[in-house]
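J.: So the chains spell out like this:
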Amino acid sequence: MSKQVVSLNQVTIRFAGDSGDGMQLTGDRFTIDTASLGNDLSTLPNFPAEIRAPQGTLHGVSSFQLHFADHHVKTPGDAPDVLVAMNPAALKANIKEIARGATIIVDSDEFTSRNLSKVGYETNPLEDGSLESYKLHALPLTSMTVNALAELSVSRKDAERSKNMFALGLLTWMYHRPVEATENFLNAKFAKKPDVLAANLLAFKTGWNYGETTEDFAVSYEIAPAKMEPGKYRNISGNTALAYGLIAASQRSGLKLFLGSYPITPASEILHELSKHKKFGVITFQAEDEIAAVGSALGASYGGALGVTTTSGPGLALKTEAIGLAVMLELPLIIIDVQRGGPSTGLPTKTEQADLLQAMFGRNGESPAVVIAPSHATDCFDIAFEAARIATQYRVPVFILSDGYIANGSEPWKLPKVEELPDLHVEFAKTQENFLPYDRDPKTLARPWAIPGTKGLEHRIGGVEKADKTGDISYDPKNHDFMVRTRAAKVAGVEVPNLEVDDPTGDAKVLLLGWGSTFGPIGAAVDALRANGEKVAQAHLRYINPFPKNLGAVLAKYDKVLVPEMNLGQLAMLLRSQFLKDVTSYNQVRGLPFSTTELIEATMAVLND
Amino acid sequence: MTDLTLTKKDFTSDQEVRWCPGCGDYSIVSTVQSFLPELGVARENIVFISGIGCSSRFPYYMETFGMHSIHGRAPAIATGLAISRPELSIFVVTGDGDALSIGGNHLIHALRRNVNLKILLFNNRIYGLTKGQYSPTSEQGKVTKSTPAGSLDTPFNPISLAIGAEASFVARSIDSDRKHLTETLRAASAHKGSALIEIYQNCPIFNDDAYQIVKDGGTKDGAILRLVHGEQIKSSTHGVIFEAGSMKVVPLDSVNESDIIVHNANHPDPAYAFALSRLSGSQLDHVPVGVFRDVERAEYSTLVNDQIADAIAKQGAGDLSALLSSGDTWVVQ
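Protein chains in written order, with my numbering: chain A, 1 to 609; chain B, 1 to 333.
Among the hints, a few may not be true.
Stated by the list, open to error - The calculated lysine-lysine pairs, modelled on BS3-like cross-linking and capped at a C-alpha distance of 27 Å, are:
#, chain 1, residue 1, chain 2, residue 2
1, A, Lys430, A, Lys232
2, A, Lys279, A, Lys469
3, A, Lys193, B, Lys314
4, A, Lys430, B, Lys8
5, B, Lys192, A, Lys256
6, B, Lys8, A, Lys256
Said to hold, decoys possible - Not the full set, but computed from the structure, chain A residues with beta-carbon under 10 Å of chain B:
#, residue
7, Ser36
8, Ala49
9, Leu126
10, Gln251
11, Gly254
12, Ala293
13, Lys455
14, Arg576
15, Phe579
16, Leu580
Hints are computed from structural coordinates only; laboratory data are not their basis. None of the values given here were measured: they were computed from a predicted structure. We treat Cβ as the ideally placed atom computed from N, Cα and C, and that holds for glycine.
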């Protein structure tokens, strides 16, 4: 019997379960198979800070949302069309975001009175009619998986653990995803554990077969490939893209890549990724603390390496003094802050953009540094490369402000051609008479990068104020004033591209101006508004210090400028202070990216004002 | 490298030295400048990295590469340089406040990793640059500007601390004993890995004569227990023996000559050097001076760079195109 196949333009699926249920892995696999079919996509992993929170509790719920379509996708989607909930906690934690009419698949085996009461369900939602407005599939996922695996020599525990693969198999069938890649992945992952491998493979297959044969699922869905530029693609997360961008910058500059880092969520994956690539000459140093991490990176830069440190907000707070030293020494340094909710420990696994002013001003004295921010996951590759260009050309610390959303979220990436990547070749100072360590390039104001081992360039530098040109200690008032202004002028003079404005009709009533990871959500809102006939423009800042030279003109052109930020208005403060422009802020700090809906509403409020 | 005919003058920078008159740092900088020619290392391959404090002005006076960094962080900065440029000879210059208080964490981790750094710890048992507060090595009860009723903290013994941090080379010397300091610098330089030299250094302004007992002609021979590998550990009046499971300083005339311990700086058990380090009480009646511990252990930057060389040998040098297209890829026509 062949089942009905329905074509869809787009689907949003959310996998939710206990943090030990393997939801991230399940989501990852579904994403990779979806990407390989040529759909455009965007993902949002969302997990608790606790590694294994108590089972079955609301705060232990981990989820993974995937939005995929036959057209360009800008966000992980507002409301899922499908929720896979592995237990009552996962249902309860997510149901309020699920639109009526959506499909809900639950593991009914987990809906025991004990589990229900753990999360405060007085009656069983599968039976009390509260889910009537949804397409509910209450399936005994656990027992079906255990039964299917009865013939194998695996423990009941291992069999139960395979239920995520049953769910993946079922969804793979529902959405016509290929099975081979997941089978290959499992073969590789569990090569050394044949029992577990067999269990996972069989669970996956059983889930697929269940969809194919059961009458519970009468329809399956197809989503045609999206129109994408020709080329070779892969799926990539922001953190991996940052790591690759740094390796690429190292290769294209001929500089050894040195990462000094201390583990911190959500930045650690960059350390993990780079530590795998020793054959590129990459040195990763897991330091004793955040201060040593940045200190070692600065030491490596002093020696002529591409010194990088990775962290998140609390770690950045610790690094500030050393970054001030880098400002004074005028050496290249890349500081990657994968922002998370703050202050203090805050929300370690949730996203936020509230470190902007810390990066801008979080040091003693007049201590200017370059600040740039990737707009989406694949932009992380380019931004790492760009950070290396600026840091090495101008000998300044460069901040990359990523965040938890784009660090963990992924999207398809058209692979760049290596030979087309810009040449980042840098010249170190050469042996010379009467060497002046603080003599400057008249164009960039960069001082020479004079590395140890170069004969005749022996010199001393330090955190004490420098005399112009000689770099000797100087407490001279005029010299200090001059040096402070010179360091500021150097950063202000960093060449950055002009801001591009997307305003198709040229007469938009409002400009939506964002920075960092809000690019996708703002873009999705702009698309929806335009589809409704509204005239709105979008521009997105990748360069925050210095701002693009045309930013003032862009701001002047629009009466109304809406600045959505996942903080309480930090970019807005900078815009107001530099341009005296009365921008309108739209802010939320819920630890999640903006929904398209709220940005549409915020824009309409400005338009109707 | 072999045609080096450098002299002390070649290692002396043009900067005016700005320590207080009579400061022990003068003697140390002069001794180091005199010693460096015998290292046989070109000036451009020598780097001095310091933190903050009086001693940390040191790099400005050396005609080598140098960085006067931030408080306590010199070992961390030097570690990054040492790992990425293992061919350089790197010295860290620090003080008791810089190394043991604000920078304690970096010091112990540099030592346990055995990074190839020669760490000169100038110990004057006081905060000089901030004008006279007690330091982590000040004796308990020290009356200073910040402790008018006497300090309450139990001091660190830098040698004990370094040994506890798995240091592979630990020594003590004295600012005014140029001959001994030179010998100690020589031994430290010959050591592969991190070497910590605690240098007793007099601060004439805020803690004058803190080490008078080991400097005064009348007392020093009796106070200093010379640590020379293969020789007995004794002063002019006392010797060190094992007694009831620990070490003890006893008058020479109270023991058999053969009971006095013969020093073994290469002793594999750090407990041996640790026991030696405990012989000096806070009054410094008896002070072991010399190399406490000198053992071979793999040096950190060698290990780091060996892993890289090994990866390249086994997998070939990295290919960027191959890296970018690793994992699941697909082609859009």
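J.: None of the hints should be skipped; say for each whether it holds.
T.: Checked hints:
1. A:Lys430 <-> A:Lys232: It is violated: about 42 Å lies between the C-alpha atoms, which goes past 27 Å.
2. A:Lys279 <-> A:Lys469: violated, 39 Å
3. A:Lys193 <-> B:Lys314: With Cα atoms ~26 Å apart, Lys193 of chain A and Lys314 of chain B stay inside 27 Å; holds.
4. A:Lys430 <-> B:Lys8: Status holds; Cα separation ~25 Å.
5. B:Lys192 <-> A:Lys256: At roughly 24 Å apart (the allowed maximum being 27 Å), Lys256 of chain A and Lys192 of chain B satisfy the hint.
6. B:Lys8 <-> A:Lys256: violated, 34 Å
7. Ser36: holds, 5 Å
8. Ala49: violated, 25 Å
9. Leu126: Since chain B brings no Cβ nearer than about 36 Å to Leu126 of chain A, farther than 10 Å, the hint is violated.
10. Gln251: Holds: closest Cβ of chain B sits about 5 Å from Gln251 of chain A, inside 10 Å.
11. Gly254: violated, 13 Å
12. Ala293: holds, 8 Å
13. Lys455: holds, 5 Å
14. Arg576: At 34 Å from the nearest chain B Cβ, Arg576 of chain A fails the 10 Å test, so the hint is violated.
15. Phe579: Nearest chain B Cβ about 35 Å off; hint violated.
16. Leu580: violated, 37 Å
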